[in-house]
Amino acid sequence: MDQIRLKTLDYSLFYGEFRALNRINLEIPSNRITAFIGPSGCGKSTLLRSFNRMNELIPGVRTEGSVQLDGGDIFREDVVSLRKRVGMVFQKPNPFPKSIFDNVAYGPRIHGVRNRSRLAEIAEESLSRAALWDEVKDQLHKSAMALSGGQQQRLCIARAIAVKPEVILMDEPASALDPVATVKIEELMNSLKKNYTIVIVTHNMQQAARVSDFTAFLLTDENRAGNVIEFGPTDRIFTSPTDRRTEDYITGRFG
Amino acid sequence: MRKFTQSMFFSVFWLTGIAAVLVMLSVAGYVVVKGFSRITPDFFTTSPRGGLSGEGGILSTIITTVYLVLLTLAVATPLGVGAGIYLVEYADQSRSPLAARITSAARFGVETLAGVPSIIFGLFGYALFVTALKLGFSLASASLAGACLIIPVIIRTTEEALKSVPDSYREGSLALGASRWETVWKVVLPPAFPGITTGIVLGAGRIVSETAIFFVTLGGSYRTPSSLMSGGRSMALHVYYLAMETRAFDKAMATAAVLVVLVVVMNLSINMISRRISRNAR
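Those protein sequences? They're chains A and B, same order as listed.
With our numbering, letter number 146 in the first sequence gets 146, and the count goes up by one each step, no holes.
With our numbering, letter number 153 in the second sequence gets 153, and the count goes up by one each step, no holes.
Don't read these hints as lab results, they were simulated from the structure.
Careful: at least some of the hints might be erroneous.
Said to hold, decoys possible - Distance condition first, Cα-Cα at most 25 Å in a straight line; then the derived SDA-like pairs of lysine to any residue:
1) B/Lys163 x A/Arg224
2) A/Lys164 x B/Lys186
3) A/Lys92 x B/Arg180
Construct the entire structure; sequences and hints are all you get.
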């Protein structure tokens, strides 16, 4: 039985009066890859961004219900320490316009690591885990903006790993990348799940089927609020979905 | 036919462009050519001695101008940059409708102030700093009034510079657990720095070239100021005094030539600074 890392209980999210997520109940297991799939606008990114409270940056957002990380309510936790525990990788690679080293060292420095040799260790370890070390070890002080898109995205993963999170959220991490870079990111996710719990949003159903252990299918209801239609092991969702709508979606009948 | 229209309009645009450049070159060229013939080393190393014939050089006015620029920037930079950061990085991100209303009022104020003639700032400075606060005609009054004049410029350029930094940098930093302040300081400000510097140098250029506002706040003494409370005469003001109150029109031209060169050098240095910094950032 898998240990549960993240859990939502009747969790709803509103933009002003508009309900974007409707009573979401999910249990995301530890050290597994969980994929959120569904058509555009179904709320999968919003749900993902709930786990590190990034939605709070948008004016007028309000939530009901609870979201728990290791059994503790994330809305009671200090947002800085929550985001240290729950890292995020974005759709478009967004390295800072700094050197490769400074990008990886950014998080640890913010959280108080000053010692240079310690920072160098963290950088090497994080870049190795992100499968980027061999490509950049001789040019750590070059600007991150000079890397290719796929390398930039792996740098962003290294940057997230460097603060030692428990969970890594990935919002369509490969959608801006070419197929070769995509394969690298997918292999990377597989190797990362030994140490981290990964939640990924993807538009690409083959990708969800390839990389994830569990899949949640989201869909908007008649009020345009996002609902989780079905959640379970990826094998089962893709081979014998219990809900008609899930089947229609994964067989490509809509979306 | 369409080809003809096109070439006609291109010629018109070309001519207007040439005309604009010619006007600028002839003004600057006239002043520089006329003025430089009167410039000798003494001109920079002696101070004006007053009198109807406009004896002496411009040393004390150079010193006064430098003081004035430094003092004005010392007041205006922290306030202007701070306000710009507040407006873009804090007020715009806030959820409260009250904050939104205050910011839009503040923005409207900044836009309006940026277009107000400088003499209005002068009158305001005269009423507030010179008389009400009893600072008299002094560097203190003049630099405070000058700061009021350039703060809107600095706020606007700071805002533009910050807005040009992609939100994805902010998100990336916040998602790593950085506070808003850490994000602004370590991630947003470095790439915005060239833009902000440009605003500050533009403000400095404004102070170098303004006359009216200092006419009513700095006085007109041609002595080198000895403290914050002494009056003085900036180079632009000296040009005015020489032209209107002495017979030394040629010296007014010479001073003007120095001013023109100074302003051109300042603008070139903005370009160089921002190009160098943005190259380093990349």
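We went through each hint and held it up to the structure:
{"no.": "1", "hint": "B/Lys163 x A/Arg224", "in the structure": "violated (32 Å)"}
{"no.": "2", "hint": "A/Lys164 x B/Lys186", "in the structure": "holds (21 Å)"}
{"no.": "3", "hint": "A/Lys92 x B/Arg180", "in the structure": "holds (21 Å)"}
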